[in-house]
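> Okay, here's what each chain looks like letter by letter:
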Amino acid sequence: TQLLEQSPQFLSIQEGENLTVYCNSSSVFSSLQWYRQEPGEGPVLLVTVVTGGEVKKLKRLTFQFGDARKDSSLHITAAQPGDTGLYLCAAALNNTDKLIFGTGTRLQVFP
Amino acid sequence: GAVVSQHPSRVICKSGTSVKIECRSLDFQATTMFWYRQFPKQSLMLMATSNEGSKATYEQGVEKDKFLINHASLTLSTLTVTSAHPEDSSFYICSAKPPGQYNSPLHFGNGTRLTVT
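Protein sequence lines, in the order shown, are assigned to chains A and B. For the record, in the first sequence the residue sitting at position 5 is 5 according to the working numbering, with numbers rising by one throughout. For the record, in the second sequence the residue sitting at position 44 is 44 according to the working numbering, with numbers rising by one throughout.
For the record, the hints were derived by calculation from the structure and aren't laboratory data. All figures in this text were calculated on a predicted structure; none of them were measured in a lab. Cβ atoms here follow ideal geometry from the backbone N, Cα and C, with glycine treated the same way. Hints should not be assumed to be uniformly reliable.
Unchecked claim - Label pairs and their computed distance ranges (CB to CB):
1. A:S26 x B:I12: 37 to 43 angstroms
2. B:G16 x A:T51: 48 to 54 angstroms
3. B:L68 x A:A78: 46 to 52 angstroms
4. B:A72 x A:P111: 44 to 50 angstroms
5. B:P40 x A:A68: 30 to 36 angstroms
6. A:T51 x B:P8: 38 to 44 angstroms
7. A:K56 x B:N51: 40 to 46 angstroms
Starting from the given sequences, assemble the full structure and let the hints guide the process.
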């Protein structure tokens with residue numbers, strides 16, 4: 001059983017569309033991170049959310065941490081082809097540095 | 001900022017041979033490093049925690065005799081895939097962070113693409 005489930009698994013959209021990616025768990029986390037990974041590279045950190053209900057914005061990306069700190073969402077406004085990549089949520093287990101990744105959402109934005 | 005470097009970035013080896021992958025923290029000391037494996041079109045799966053000066057701790061289902069981890073110094077961890085088989089072909093990624101920085105993010109290497117023929 002995967003600790004962090006992401007949906008959708010795949011997303012293929014046209015440039016300019018909006019989209020939301022979800023990350024769900026039955027566990028409570030002290031913090032949750034979102035990463036973006038391009039082929040052949042390591043994941044790059046986008047944001048860390050810490051407080052339940054917290055909303056963080058990074059240009060056209062909006063991240064929200066659920067009130068109960070069990071889930072999170074990533075919303076992209078007016079997607080661009082440069083947003084194409086694998087989006088991963090991740091959380092540390094039991095106050096350790098051991099980071100567990102979600103199942104991933106592969107986004108393809110067509111011009 | 002903190003940088004983690006992996007070497008090699010790509011390696012092709014024959015079935016039955018062993019391959020060593022290096023993970024270095026370039027500008028900080030790391031008592032703990034983590035090794036992940038990523039199969040095509042899948043997410044990262046944690047394989048093991050590399051502990052400087054002591055044995056690595058492996059996640060359930062990961063064979064410790066097949067994936068040998070050595071963390072001989074505070075800036076270097078190595079992962080050796082022994083007697084590699086085609087099913088070991090994968091993208092291996094390491095990560096680390098400076099000690100004592102609670103809640104700070106892990107820094108990831110750029111990964112090593114292993115192809116076993």
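> Does the Cβ-Cβ separation between G16 of chain B and T51 of chain A fall within 48 to 54 angstroms?
holds, 52 angstroms
> Just tell me: holds or violated, for the beta carbon distance of A72 of chain B and P111 of chain A against 44 to 50 angstroms?
With a Cβ separation near 48 angstroms, A72 of chain B and P111 of chain A satisfy 44 to 50 angstroms, so the hint holds.
> Range first: 37 to 43 angstroms. Now tell me if the beta carbons of S26 of chain A and I12 of chain B are that far apart.
holds, 41 angstroms
> Take a look at whether the Cβ-Cβ distance between K56 of chain A and N51 of chain B falls inside 40 to 46 angstroms.
Roughly 33 angstroms apart at Cβ, these two residues miss the hinted range, so it is violated.
> Quick check on a hinted range of 46 to 52 angstroms for L68 of chain B and A78 of chain A, using CB atoms only.
Holds: the Cβ-Cβ distance is about 48 angstroms, inside 46 to 52 angstroms.
> Taking the Cβ atom of T51 of chain A and the Cβ atom of P8 of chain B, is their distance within the range 38 to 44 angstroms?
holds, 41 angstroms
> Does the Cβ distance between P40 of chain B and A68 of chain A fall inside 30 to 36 angstroms?
For P40 of chain B and A68 of chain A the Cβ distance comes to about 34 angstroms; the hint holds.
Hint compliance for this structure: hint 7 alone is broken.
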